[in-house]
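K.L.:
Residues per chain are reported as follows:
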Amino acid sequence: MSSGTQELVTIIPWTFIAQILNLFIQVYLIKRFLFKPINEVLEKRRQMADQEIKEAREAKEAADSLKVQYEEGLAGARAEAAQIVQSAQKEAQIKADETLKQAQEHAAGIRRKAEADIAQEKKKAINEVKDEIGGLAMDIAGKVVEKEINEADHKKLIDEFIKNVGEAS
Amino acid sequence: MEFDISGARIFFRIPTGIPVLGDILITETWVVSWIVMAIITGLCIYLTRDLKVEKISKRQAIAEMIVDSANNLVRNNTGGTKFDRLIPFVSALFATSVVSNLISLTGIFRSPTADLSTEAGWAVVVFIMITMEKIKAGGILGYMKGFTEPIAVMTPFNILSELATPVSMACRHFGNILSGVVINGLIYAALAVASAALLGLIPGAVGDFLSHIPILSVGIPAILSFYFDWFSGVMQAFIFTMLTIMYIANAAEG
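For the protein sequence lines, the chains are A and B, in the order given.
Per the working numbering, the first sequence runs over residues 1 to 169.
Per the working numbering, the second sequence runs over residues 1 to 254.
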C-alpha cells in the first residue's frame, strides 16, 4: 500500500490545493451544520423573549388602564354616594323644618284659640260677675238703705259701683 | 539505533503530467484531513440534533456555547459585527487546526498539520483575504501606495514584510507541530533504547526477549505529550486563528 514517504518539510502543490479546498468545504459544513441551526434557534429564542416582553408590557398597560378605569369608577361612586347623602340630608332638613314649622303653627293656633277662649271666658265671667254684682248691689243697697231713694239716684249709684268693680277686676 | 523522522506516507501516486503541479500524491495528510473533517462535521451534526428553543439539552448548550464563543471572539477582536461573515471561516480554521493537531494523540494518525502544505494552504487563503480587505478599504491604488509608505525607499521591505505574513503564519504553526512530532519520536526512540539497555541486563533468553519491549515508553511520554500535543496543539490553533482575525481586522481599518 505504502509507496514511500514525502519529504519532511515540503509543499506538495496538489496537497496544498486540496487543503485549501478542504478548508472551504469545512467552512461550508460548519456553517451548514453548526452555525445555521444554532443561530436559527438563538434567533427564535430572542424573538420569543421579545414577544414575551412585549406581551408583558401590553398586559401591564391593560392592567394600568383597567386600574385607572376602576379608580375613576370608584371616585364616581364615592361622589355619587356623597351627593346622595347630601341630598338626603337636605331633604331631611327640609322635612324637619317643615314639621317644626307646622308644629309651631299648630301650637300657635292652639294657643291663639286658648287665648281667645280665655278672653271669652273672662269676658263671660266678668259679665256674669257684673250682673251678679249688680243684682247683689241692688239687694244690698235695697237692704242697707232703708229709705227708698229715687229710682234715678239708685241707678246712678249702681252704675258707679259696677264701673268701679270693672276697673278693679 | 536508527532514528528517522519522515514526512507523511504516500498511499497512492496519481500521475498527472502537469509540469509545475506534478503528480497527485494521496498521502496521510489527505486521508487524515478527511477524517478530521468527518469528525468535526459529525460533531456538529451530533451537537445540533433536535434543537429546542426551551429546555435545551446539555448537547445543545455546548453547541450554543461554541457558537457564542466564536461570535464573541470575532466580535471582540474586530470591534463590532462588521466581520460576522468571517465567523464560520475562523471557526472552521480553528476547529480543523485543533482536531488536526490533537488527532496525533490517537497514535494512529499523523497530524495533517505536520505537513507544511496544509498550513501553507491556510496561510495563503488568509493572505488573500487580508489583501482583499486592504484593497476594499483603500482601493487598488491605495493598496499599492501603501507599500511606498513612509518613504519610497521602503517599498521592497514593505513587500517583503507583506509576504512574510503568510510565510511566518504557516511556518510558526508547522514548526510547532513538527517539533512535537520530532520530540515525541526522539523520546520514544530514546526510551526504547533505554529500556532495551535496562532489561538487557537480565541474563539469558528472558532478558533478550524483554529488551525488545520498550517498557519505559509507557507513561513517561504522556507527560511531555501534555505540552507538545495538548498545549502546543491548542495554542497554535488559537494563535493562527487570532492572527487571522487581527490581520483581517487591521487590513479593513486601512
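If you are wondering where the hints come from, they were derived from the structure by calculation, not from laboratory data.
Worth double-checking, as some hints may not be accurate.
Claimed, not checked - Taking lysine to aspartate or glutamate pairs in the DMTMM-like style, the calculated list, with each CA pair at most 25 Å apart, reads:
#, chain 1, residue 1, chain 2, residue 2
1, A, K44, B, D84
2, B, K55, A, E52
3, A, K44, B, D23
4, A, K54, B, E54
5, A, K31, B, D4
6, B, K82, A, E52
These numbers were taken from a predicted model, which means no experiment stands behind them.
K.L.:
Now tell me if each hint is right for this structure.
P.N.:
Here's how the hints hold up against the structure:
no.: 1; hint: K44(A) <-> D84(B); result: 19 Å, holds
no.: 2; hint: K55(B) <-> E52(A); result: 16 Å, holds
no.: 3; hint: K44(A) <-> D23(B); result: 50 Å, violated
no.: 4; hint: K54(A) <-> E54(B); result: 18 Å, holds
no.: 5; hint: K31(A) <-> D4(B); result: 41 Å, violated
no.: 6; hint: K82(B) <-> E52(A); result: 29 Å, violated
In this structure, the earlier hints numbered 3, 5, 6 are contradicted, and the remaining ones agree with it.
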